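Student: Listed here are the chains, written in short residue letters.
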Amino acid sequence: MRLRRKRALWRAFQARRELSLVQDNTPRIRPDDILLVCTLRNERIRLPYFLKYYRDMGVRHFLFVDNDSDDGSREYLLEQEDVSIWHTAGSYRKSLFGVHWMNWIARKYCHGHWTLTVDVDEFFVFPFCDTRPIQALTDWLDNSGLKSFSAMLIDMYPKGPIDAQFYREGQNPFEIAEWFDSGNYMISTNPEYYNLWIQGGPRARVFFKDDPYSAPSLNKIPLVKWHRNYAYMHSTHMLLPRGLNLVYETEGGEKASGALLHAKFLNTFVEKTREEVERKQHYAGSREYLAYHNRLEDDPDLWCNWSEKYINWRQLEILGLMSKGNWA
Amino acid sequence: MTVGFVMLVHTALHRAEQVARHWASHGCPVVIHVDQRVKKERYQPFVNSLSDLENVVFSKRRACEWGTWSLVGASQDASELMLSRFPEVHHVYLSSGSCLPLRPVEDLKQYLAERPLTNFIESVTTEDVPWTVGGLDHERFTLRFPFSWKKQRRLFDRYVTWQRKVGYKRKIPDKLVPHLGSQWWCLTRQTLSAILEDPDRKIYDTYFKKVWIPDESYYQTLVRLYSDNIESRSLTLSKFDYEGKPHIFYDDHLQLLRRSDCFVARKIWPKAERLYATFLDTKINPMKGAEPNPGKIDRIFSKAVERRVNGREGLYMQSRMPGHGKEHGKTSGPYSIFEGFSDLFEDFEGWLSRSVGARVHGHLYAPEGAEFAGKQKVFSGALSSEARLRDYNPCGFLTSLVWNTRGERQCFMFGPRDNQEISWLVATDPNAQVSVISGAWAVSLFRSNMSFSEIRREAARLQKIEAEHLDILRSREVKARIRIWTLADFIESPMEPLQMIIDEIAPRNVRRLAEAPRMRDLTGFGQFLQNLKNQGMKPHLMGDFPMGNESDTRARSHKRPYLVK
Chain V
1 MRLRRKRALW RAFQARRELS LVQDNTPRIR PDDILLVCTL RNERIRLPYF LKYYRDMGVR
61 HFLFVDNDSD DGSREYLLEQ EDVSIWHTAG SYRKSLFGVH WMNWIARKYC HGHWTLTVDV
121 DEFFVFPFCD TRPIQALTDW LDNSGLKSFS AMLIDMYPKG PIDAQFYREG QNPFEIAEWF
181 DSGNYMISTN PEYYNLWIQG GPRARVFFKD DPYSAPSLNK IPLVKWHRNY AYMHSTHMLL
241 PRGLNLVYET EGGEKASGAL LHAKFLNTFV EKTREEVERK QHYAGSREYL AYHNRLEDDP
301 DLWCNWSEKY INWRQLEILG LMSKGNWA
Chain H
1 MTVGFVMLVH TALHRAEQVA RHWASHGCPV VIHVDQRVKK ERYQPFVNSL SDLENVVFSK
61 RRACEWGTWS LVGASQDASE LMLSRFPEVH HVYLSSGSCL PLRPVEDLKQ YLAERPLTNF
121 IESVTTEDVP WTVGGLDHER FTLRFPFSWK KQRRLFDRYV TWQRKVGYKR KIPDKLVPHL
181 GSQWWCLTRQ TLSAILEDPD RKIYDTYFKK VWIPDESYYQ TLVRLYSDNI ESRSLTLSKF
241 DYEGKPHIFY DDHLQLLRRS DCFVARKIWP KAERLYATFL DTKINPMKGA EPNPGKIDRI
301 FSKAVERRVN GREGLYMQSR MPGHGKEHGK TSGPYSIFEG FSDLFEDFEG WLSRSVGARV
361 HGHLYAPEGA EFAGKQKVFS GALSSEARLR DYNPCGFLTS LVWNTRGERQ CFMFGPRDNQ
421 EISWLVATDP NAQVSVISGA WAVSLFRSNM SFSEIRREAA RLQKIEAEHL DILRSREVKA
481 RIRIWTLADF IESPMEPLQM IIDEIAPRNV RRLAEAPRMR DLTGFGQFLQ NLKNQGMKPH
541 LMGDFPMGNE SDTRARSHKR PYLVK
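One line per chain: the protein sequences are V and H, in this order. Numbers 1 to 328, taken from UniProt numbering, label the letters of the first sequence in order. Numbers 1 to 565, taken from UniProt numbering, label the letters of the second sequence in order.
With the C-beta cut set under 8 Å, the calculated list includes, among others, these residues of chain V facing chain H: (1) ASP139; (2) ASN143; (3) GLY183; (4) TYR213; (5) GLU254; (6) SER307; (7) GLY320; (8) LEU321; (9) LYS324.
No lab work stands behind these hints, which were simulated from the structure alone. Note that the structure is a prediction, hence the values are computed from the model and not measured. Virtual Cβ for every residue (Gly too), placed ideally from N, Cα, C.
Working from the sequences, and respecting the hints, build out all of it.
Tutor: What follows is the structure in structure tokens.
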């Protein structure tokens with residue numbers, strides 16, 4: 001495991017050459033700031049709401065890796081004072097889907113900071129997030145001696161065909177994709193890395209019903225008090241050292257956890273799928289996108305009678321998708 | 001007469017300054033002890049910021065570490081300074097930098113003036129405290145603790161174990177009876193000075209220096225020597241979680257804190273702007289006169305601890321994945337499984353849902369896919385009926401179903417054709433009610449259109465599977481409510497067992513069953529079993545099913561639905 005971690009860090013170190021600094025606002029980072037690391041490609045339309053959402057939450061600095069966007073994403077970010085950007089034309093697949101890039105940036109800039117690693121379509125929700133900023137959570141985690149915080153990915157989707165409603169820039173995506181699956185998740189433990197493996201939700205239900213094993217993983221550990229020796233292994237699904245993956249209680253109790261609301265299924269998704277199928281830069285030969293592509297032809301409705309309409313974190317708490325643990 | 005505050009400060013100095021200023025400007029002297037580990041660059045501005053107030057003084061700084069004598073030493077120094085410097089002080093209140101007064105200072109002064117001789121200090125004998133960290137209560141007083149609990153945990157634990165093994169015991173000084181309690185107290189000048197000026201203080205101090213977490217026991221024990229007038233409760237609202245860490249208050253606790261009528265609360269999150277703004281503003285803080293009543297806050301925090309320690313029964317999720325035997329309940333509510341009933345009775349599901357107020361599914365584990373109630377393709381929680389998805393994690397499918405339908409009892413059919421993987425889960429789950437008519441699957445085979453050789457093969461397969469399943473249901477680890485009849489026994493008198501099962505599902509349903517389920521036509525079934533035997537198979541799970549004409553007549557007599565009054 002130690003070797004694997006070293007190797008991941010070495011890859012990250014090599015990946016530094018692929019990254020060129022476009023805008024460096026990192027000197028502005030103060031010691032207690034909460035940072036956000038994100039890799040993106042052509043997500044211009046999502047950026048304004050994304051930045052607003054996390055600024056309001058209390059994130060102080062954004063570290064973006066731009067994988068060669070050509071839709072003005074980079075130009076938009078250049079105007080922001082709390083944003084640092086790296087550009088790369090490197091292969092997303094070869095960088096282990098951005099993991100090497102992120103590990104490098106985290107190692108260099110996030111040591112000692114609480115660091116949130118998310119995609120542009122992932123929106124972090126934690127207990128009391130409507131009344132407390134994220135610093136309250138990280139202070140509490142510090143106080144409790146915890147170094148990582150899990151947040152399961154919850155796929156949100158609209159009612160009706162995915163491309164029926166158009167997402168406007170700056171709009172809250174969950175005004176459109178306001179539905180989710182509340183109780184069809186399959187969990188197993190991964191003895192190798194100690195993490196939980198969670199699958200299910202609408203993607204398993206609609207796209208992977210014949211091959212559930214290939215359904216995307218939903219377990220994520222996006223919030224970590226970063227140390228330069230840590231490394232993400234597969235996206236943010238698991239980390240090394242392995243102890244960081246023990247975000248769940250095995251003695252019967254519940255640890256605190258949050259959720260990542262996934263705003264993937266907007267009208268932009270159809271376009272994206274077409275592009276990704278051609279680029280083949282995603283996990284396992286983009287098989288996920290191939291599965292979407294095949295099904296999208298018949299314009300599926302992810303919504304069903306038993307879909308749940310999103311209200312707030314308390315609803316997710318009651319449904320058992322996340323937990324307050326002993327935070328009150 | 002007034003009350004003086006001793007403040008122990010180590011972080012969030014700007015908040016401590018705010019609170020000290022609040023107290024001092026309302027005529028309460030404040031003595032502040034700042035942890036030695038606070039850097040000079042931060043300490044000096046803090047001192048300067050309070051230099052305009054005459055009744056705020058600073059005591060000698062010590063380096064403080066949790067669980068050690070240093071905290072008591074700091075409070076002793078500061079208390080002595082308070083008593084000598086401010087003769088008008090009648091009560092001394094020990095507080096920390098993260099304390100926040102919830103009621104007007106005048107209110108507290110008046111409250112204490114009405115009780116001039118009362119010491120407010122939680123002081124409980126070691127036998128009666130349920131909340132000690134690390135399971136150490138009386139042993140705090142009899143063992144030695146040279147290692148830090150936070151930094152040298154392993155050494156700490158080993159040394160404790162070793163001492164226990166060897167039987168080492170320190171002697172507790174005469175006269176002392178160990179008491180424990182919250183470290184935040186409010187003592188009268190009389191009692192406090194008696195403690196600090198006792199000629200034996202050196203002996204006591206020497207002893208307590210080696211007690212673990214002496215700030216929870218030093219004053220709490222000694223106060224018993226000097227005063228009979230003890231209110232064993234703290235005026236500071238302070239809640240601890242299961243690891244002994246204090247709960248923290250945030251802006252959204254404002255109303256709760258308001259209604260608690262407590263004088264001081266701790267710990268307050270330093271960035272809780274609204275709390276500080278509200279409670280330090282004398283104009284908009286209307287609390288008055290009432291006795292402290294932290295009941296509601298108590299409940300919230302004890303619920304949080306309960307959630308952390310026990311969790312929600314039957315829930316499996318990203319931060320709760322109980323290991324084997326640690327579940328506190330494998331599923332979240334009772335459910336019923338019927339095996340063989342749908343083979344024997346026509347439309348058993350329909351009959352059952354009319355008889356009990358529960359959700360009745362078909363064969364949830366059928367190889368073709370889950371037969372949800374009403375033939376739905378998707379059910380509660382967006383569970384899919386797809387066989388592959390279900391069989392990917394069959395036990396999770398069941399626990400999810402029961403969790404998703406909390407408050408509504410689920411019933412479903414089961415049989416040897418179905419995925420058997422849930423057998424152990426069901427057998428060891430106290431929430432499961434399992435009723436089995438063994439061998440009833442043969443009725444379906446008997447009525448099927450298959451060729452006899454196929455039936456023969458299928459019968460052998462199903463019998464083997466069901467026999468294994470029944471072995472599990474009869475094993476020693478069983479916790480479920482399990483009833484098993486052979487087919488032959490069951491059709492002797494089908495109504496009694498049915499009534500029994502239904503009563504158990506819906507105990508309030510006092511009326512007798514008005515309608516019996518219609519049994520399938522069993523004419524020729526005895527002969528069918530005999531044919532199987534003739535083909536060299538031994539159908540044993542059905543019991544002794546009578547052969548030939550006799551069985552036919554009995555079967556016919558049951559064919560008509562009848563009423564039982």
